[in-house]
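Per my numbering: the first sequence = residues 1 to 893.
Incorrect hints may have been included.
[What the hints assert, rightly or not] Calculated pairs, DSBU-like style, for lysine-lysine (alpha carbon to alpha carbon, straight line, at most 30 angstroms): (1) Lys758 x Lys804; (2) Lys8 x Lys569; (3) Lys848 x Lys861; (4) Lys3 x Lys670; (5) Lys579 x Lys386; (6) Lys579 x Lys758; (7) Lys507 x Lys386; (8) Lys27 x Lys670; (9) Lys100 x Lys27; (10) Lys869 x Lys852; (11) Lys100 x Lys90; (12) Lys758 x Lys837; (13) Lys3 x Lys100; (14) Lys861 x Lys804; (15) Lys804 x Lys869; (16) Lys8 x Lys386; (17) Lys869 x Lys742; (18) Lys852 x Lys742.
[Stated by the list, open to error] Across the chosen pairs, the derived CB separations fall in these ranges: (19) Arg885 x Pro707: 50 to 58 angstroms; (20) His394 x Arg525: 26 to 34 angstroms; (21) Asp536 x Ser795: 56 to 64 angstroms; (22) Asp162 x Trp115: 44 to 52 angstroms; (23) Asp801 x Asp827: 26 to 34 angstroms; (24) Phe858 x Thr390: 49 to 57 angstroms; (25) Asp431 x Arg107: 16 to 24 angstroms; (26) Arg525 x Leu859: 47 to 55 angstroms; (27) Arg178 x Met1: 56 to 64 angstroms; (28) Gly735 x Met1: 13 to 21 angstroms; (29) Pro147 x Glu397: 35 to 43 angstroms; (30) Gly379 x Asn560: 19 to 27 angstroms.
For the record, the hints were derived by calculation from the structure and aren't laboratory data. Beta carbons are placed, not taken as given, at the ideal position from N, Cα and C, and that holds for glycine.
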Amino acid sequence: MPKAYDPKAVETPLFETWMAGGYFGQKPVPGGERPFTVAIPPPNVTGSLHMGHALNNTIQDVVVRRARMTGRPTRWVLGTDHAGIATQNKVEQKLAREGKSRHDVGREAFIERCWEWRREHGSTIIQQLKAMGCSCDYSDEWFTMDPSYQEAVRRVFVEWYDRGLIYRGKRIINWCPRCSTALSDIEVEHEDLDSHLWHFRYPLAETVGERDHVVVATTRPETMLGDTCVAVHPDDDRYHDIVGATVVLPLIGREIPVVADDYVDPSFGTGAVKVTPAHDPNDFEIAERHGCEKVNILNADATVSAEGGPYAGLERYEARRKVVADMEAAGLLLGTEDHVHAVGHCYRCHTVIEPWLSDQWFVDMKPLAAPAIEAARDGRVTFHPKRWETVYFHWMENIRDWCISRQLWWGHRIPVFYCDACGAPPVASMDDLTECPECGGPVRQDEDVLDTWFSSQLWPFATLGWPEQTAELGYFYPTSVLSTARDILFLWVARMIMSGMDFIDGKVPFDDVIIHPTVFNAEGRRMSKSLGTGIDPLDLMEHYGADGMRFGLMLQTTGNQDIKFAEEKLLSSSNFANKIWNASRFVLMNLDEGFEPGEPEAATVADAWILSRLTDLAAQVDEGIATYQFGEVARALYEFFWNEFCDWYIELSKPRLFAGAREDADEAEKAARLVSQRNLVFVLDTALRLLHPMMPFVTEEIWRRLPLAEGAGAPSLMVAAWPEPAGLARFRDEGAERSVGKMLEIVVAVRTVRARYKIAPKQAISVVVRTQAETDVQLLDAEFAYLNALAGIDSFVAATDANKPAHSVTVVAGGMEVYVPLEGLVDFEAERARIAKELAFAAEDLAKVERKLANEGFLAKAAPEVVAKERAKEAELADRVATLREQLDELGL
RNA sequence: GGGCGAUUAGCUCAGGGGGAGAGCGCUUCCUUCACACGGAAGAAGUCAGAGGUUCAAAUCCUCUAUCGCCCACCA
């Protein structure tokens, strides 16, 4: 075994053995336990691994690997998303480099280009998941444009259409002029921008009393070209007299009415609103109520349309500047105020979106949301952390219709057919129609494709073969856990719950939803490739190994906080992998030729202690993963393995191990060595199993070298038995934990004295211990070998009536007084100062405890065990204070 | 305009009604037969501030401040 763990040498070959072993695939097993299923959030085909993926897929792999080791049939379903806008943008960019647009190549050829892109780049991220060690089912990779998936999408559309849940309408939608498509409300990102509120004077066609104009305010001056009325509040006395009057729209000359509408807030601006029905959803509603025209003044590319008269053809912001300038020139600009307002941006390309009137397809969401809300209320779906359910409820209870049509080419084409000949109502069909069912005339299919999320929402069941009633669907659905980033809670998670329940017998698609922390960079900024603030997980794996990266991420994953990425945790983790490697190397190096594995045995108090600690660890890890407390699990593993197993137990094992290996060792010593070896192997074996979900590579590499008893082995650690806490419970031993705790305290105390007085490690010392308890004396006498090995104590006296030797210092440890003779070594001045300081602290603590114990309220109301603990503390502190006083007296003279 | 989260050691963060914790960094010592990617010892914190509940508050409640995030059609 090499002296240091080398992830690069180990990971790829190991992964290949996993693939070859077929441990990833899982076929339905008739009868028996419900399987554990996870559907991966499908990465975009355009994507490559980023830190969010690294974290999320580590989380999934941890829960999946644990489940698999418990023996439960386990499957992690893998695949990628066709990512309509993102992929289309990539392919368009590529075409642009050839000097072409998608219109130059045509729809069919463009779609073929997209498939080509997918063939070239689609497996990149899959390869990266493999590098991470993710145990997905690679034998069954899905894509949201697979033929059967297309059928699923179409089935959902047709059924919802036939049930009246999908409809087409002319509405204000969010339009991205760069992507040239509609977006749903949640695909728009709002950002507060510094802008202005311009006040415009609109003249009345005829004066009303004294009044010849009305003043309106706007944040988007160019929209005035499309104004078709001015609205005021019906109860607003300032404007009572002009309701019903006519305004002449400046620059355009259109005559438009003044209407009264409740929507208007009299306290904002001037209390009079210019109404642009084609470019604002509220204005649209006002226009509907009052029967006003809807004038669309923008083209798809956000230039001004022919309706904009003299401004036609101008880019939108150019038009804005010109409108303002022209209004000012006409003396109609009354003022410009600074104003901050939220501007919507496209979530894919960050272009400012335009509210735009167009024909689109929508899903009526309220009927679908109701059962999905109920499912979260009654706990059929549980969010982790729980507070996310509030966010879910808020959105679901205020859900609005979903705009699902996109003016793209790459995606699932809307399966609706129109007959222009007879005007029959449009038909949504599972088959491509060639003729009108009514008149036999030619039909044309809707040009639009569906929102990518329309197909993503079917992921948990479409990847199991639905709409076919496959064996997989019957067996693996519903899935167990969904782990994802919070920014797709609405886009994806909520919609999966709604569509899943609607199509699969009202069953929720997963029991638990993990909303993992967002990974920010060290400066607290969002990690982003375009901003150059991202860190590439592949680089991290290069430096720290896959296990180092995974464990480092797990250490940082707690339920409540986002992660400000701390790379030093990955360094600690890769060091940890090396520590595991070397501890294992030590154990293996100290096994004999023909070593016979056997049951662990608590032959010494140290054995009993480590087995008890191991039992505690198993319970913590098992429970922790089951409840998604990844950070706590990682810390427990780290602490146990490094501090308890390596720092103490291995050191405690050395005397027995080495004594039993000497030429002249007697039978008892040889037997003790064998027991020690067996215990080391057992603890290591169990710890490796517990570590495996988080650090699959290093644990597997070592584990395969362990000589295990018949029945304890497996072809791979991946499928070895999980250490069930119940099976270890017999090893719990609180007495041993207390005893070893005392011993270790004494060792530390003596070492501290050694360090303080610079006693060379090789120089043996003798120690006298005075204790109140006869059991302490017995313990120390019995385990003297440990004190010798760990603290370099060569002679030692422990007694209830021991006397302090001359020229010695005293330390209190484990409730005992430990005297270390130090003839000629003590700097008495320094020692006095140190003791005085310690005494002051101890006296203060003691006073605090005494005050507490003098408090009748405390004695009456506190739990008895708490009071007992305080009394013990008081005794200990009193003892310490007395000891320190004595010491000071001795020195003080 | 609503809502959520955070504020603990120099840095990154755990914890959470009863004696302040980790990793990194820092100081000192140690190349002893698993590991210098190591070992041993150590310094370091008014747990943001103010009130309250409680026998007891870093922990629960209220308010304040600062930072971050989400939702929202006020032109």
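Here's how the hints hold up against the structure:
Using a Cα cut-off of 30 angstroms, the hinted pair Lys758 and Lys804 holds, with the two alpha carbons roughly 21 angstroms apart. Between the alpha carbons of Lys8 and Lys569 the distance comes to roughly 20 angstroms, so the proposed pair stays at or under 30 angstroms and holds. Proximity of Lys848 to Lys861 is assessed by CA-CA distance (about 18 angstroms); at most 30 angstroms being required, the pair is judged to hold. Distance hint between Lys3 and Lys670 is fulfilled; the C-alpha atoms sit about 28 angstroms from each other, no more than 30 angstroms.
For the suggested pair Lys579 and Lys386, the alpha carbons sit about 36 angstroms apart, so the restraint of at most 30 angstroms is broken. At most 30 angstroms may separate the alpha-carbon atoms for a hinted pair to count; Lys579 and Lys758 meet this at roughly 28 angstroms. For the hint linking Lys507 to Lys386, the alpha-carbon distance of about 21 angstroms falls within 30 angstroms, and the restraint holds. Distance restraint check for Lys27 and Lys670: the Cα-Cα separation of roughly 49 angstroms exceeds the 30 angstroms cut-off, and the hinted pair is therefore not satisfied.
At most 30 angstroms may separate the alpha-carbon atoms for a hinted pair to count; Lys100 and Lys27 exceed this at roughly 47 angstroms. With a C-alpha separation of about 12 angstroms, the suggested pair Lys869 and Lys852 falls inside the 30 angstroms cut-off, and the hint holds. For the suggested pair Lys100 and Lys90, the alpha carbons sit about 13 angstroms apart, so the restraint of at most 30 angstroms is met. Taking the CA atoms of Lys758 and Lys837, the gap is about 21 angstroms. The hint holds against a cut of 30 angstroms.
For the given pair, Lys3 sits about 58 angstroms from Lys100 by alpha-carbon distance, which is inconsistent with the 30 angstroms threshold. About 42 angstroms separates the Cα atoms of Lys861 and Lys804, which puts this hinted pair outside 30 angstroms; it is violated. Pair hint Lys804 plus Lys869 holds up; C-alpha atoms about 29 angstroms apart against a cutoff of 30 angstroms. A threshold of 30 angstroms between alpha carbons decides the hint, and for Lys8 with Lys386 the separation of about 39 angstroms lies outside it, so the pair is violated.
For the proposed pair Lys869 and Lys742, the alpha carbon gap of about 17 angstroms is at most 30 angstroms, so the pair holds. Restraint check for Lys852 and Lys742: the C-alpha separation of about 26 angstroms stays at or below 30 angstroms, so the hint holds. Between Arg885 and Pro707, the C-beta spacing of about 57 angstroms keeps the proposed range 50 to 58 angstroms intact. Taken as a hint, the range 26 to 34 angstroms holds for the pair His394 and Arg525, whose Cβ atoms sit roughly 27 angstroms apart.
Take Asp536 and Ser795: their Cβ atoms lie about 59 angstroms apart, and the range 56 to 64 angstroms holds. Checking the proposed 44 to 52 angstroms range against Asp162 and Trp115 shows it is violated: the Cβ atoms sit about 30 angstroms from each other. For Asp801 paired with Asp827, a C-beta distance near 30 angstroms keeps the hint of 26 to 34 angstroms intact. Roughly 39 angstroms separates the CB atoms of Phe858 and Thr390, a value that falls outside the hinted 49 to 57 angstroms.
Between Asp431 and Arg107, the C-beta spacing of about 20 angstroms keeps the proposed range 16 to 24 angstroms intact. The hinted window of 47 to 55 angstroms between Arg525 and Leu859 holds, with their beta carbons roughly 54 angstroms apart. Under the hint 56 to 64 angstroms, the C-beta atoms of Arg178 and Met1, about 57 angstroms apart, fit the expected range. With their beta carbons about 37 angstroms apart, Gly735 and Met1 fall outside the hinted range of 13 to 21 angstroms.
The hinted window of 35 to 43 angstroms between Pro147 and Glu397 holds, with their beta carbons roughly 37 angstroms apart. One distance hint, 19 to 27 angstroms for the beta-carbon pair Gly379 and Asn560, holds here, with the actual separation near 21 angstroms.
In terms of the numbered hints stated before, the structure departs from hints 5, 8, 9, 13, 14, 16, 22, 24, 28, listed from lowest to highest.
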